[in-house]
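*Asks:* Sequence:
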Amino acid sequence: MAIDANVSDLFFNLDHDDCKLHGSKGEFIGWNAHALYDQATWFCDTLGRLGVKVDPGELIQDFHGRV
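Quick note: the sequence shown uses the working numbering, first residue -14, plus one each step.
Think of the hints as simulated: they come from the structure by calculation, not from any bench.
Even glycine gets a Cβ: it sits at the ideal position worked out from N, Cα and C.
Be aware that one or more of the hints could be misleading.
To be verified - FRET-style restraints, in silico, Cβ to Cβ:
1) 52 <-> 27: 14 to 24 Å
2) -9 <-> 27: 17 to 27 Å
3) 35 <-> 13: 30 to 40 Å
4) 38 <-> 11: 36 to 46 Å
5) 40 <-> 2: 16 to 26 Å
All chains, full assembly: derive it from the sequences and hints.
*Replies:* Encoded structure:
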């Protein structure tokens, strides 16, 4: 199932600073997969309360495709 562009935009534009991994010099080195999945699950649960069903795994896959 394809992710709706509006849902994708909402998740992509969230503050994902807690999900970033940084090297010893403070440089960005990647994403913390567990933290990103937790954030996606929270986001999908919140949308689910409004009747919008989204799979966290698909949302993360879409996120990585956009980064």
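*Asks:* Each hint needs a verdict: does it hold in this structure or not?
*Replies:* To see whether the hints hold, each was checked on the structure:
no.: 1; hint: 52 <-> 27: 14 to 24 Å; result: holds, 19 Å
no.: 2; hint: -9 <-> 27: 17 to 27 Å; result: holds, 18 Å
no.: 3; hint: 35 <-> 13: 30 to 40 Å; result: holds, 32 Å
no.: 4; hint: 38 <-> 11: 36 to 46 Å; result: holds, 38 Å
no.: 5; hint: 40 <-> 2: 16 to 26 Å; result: holds, 24 Å
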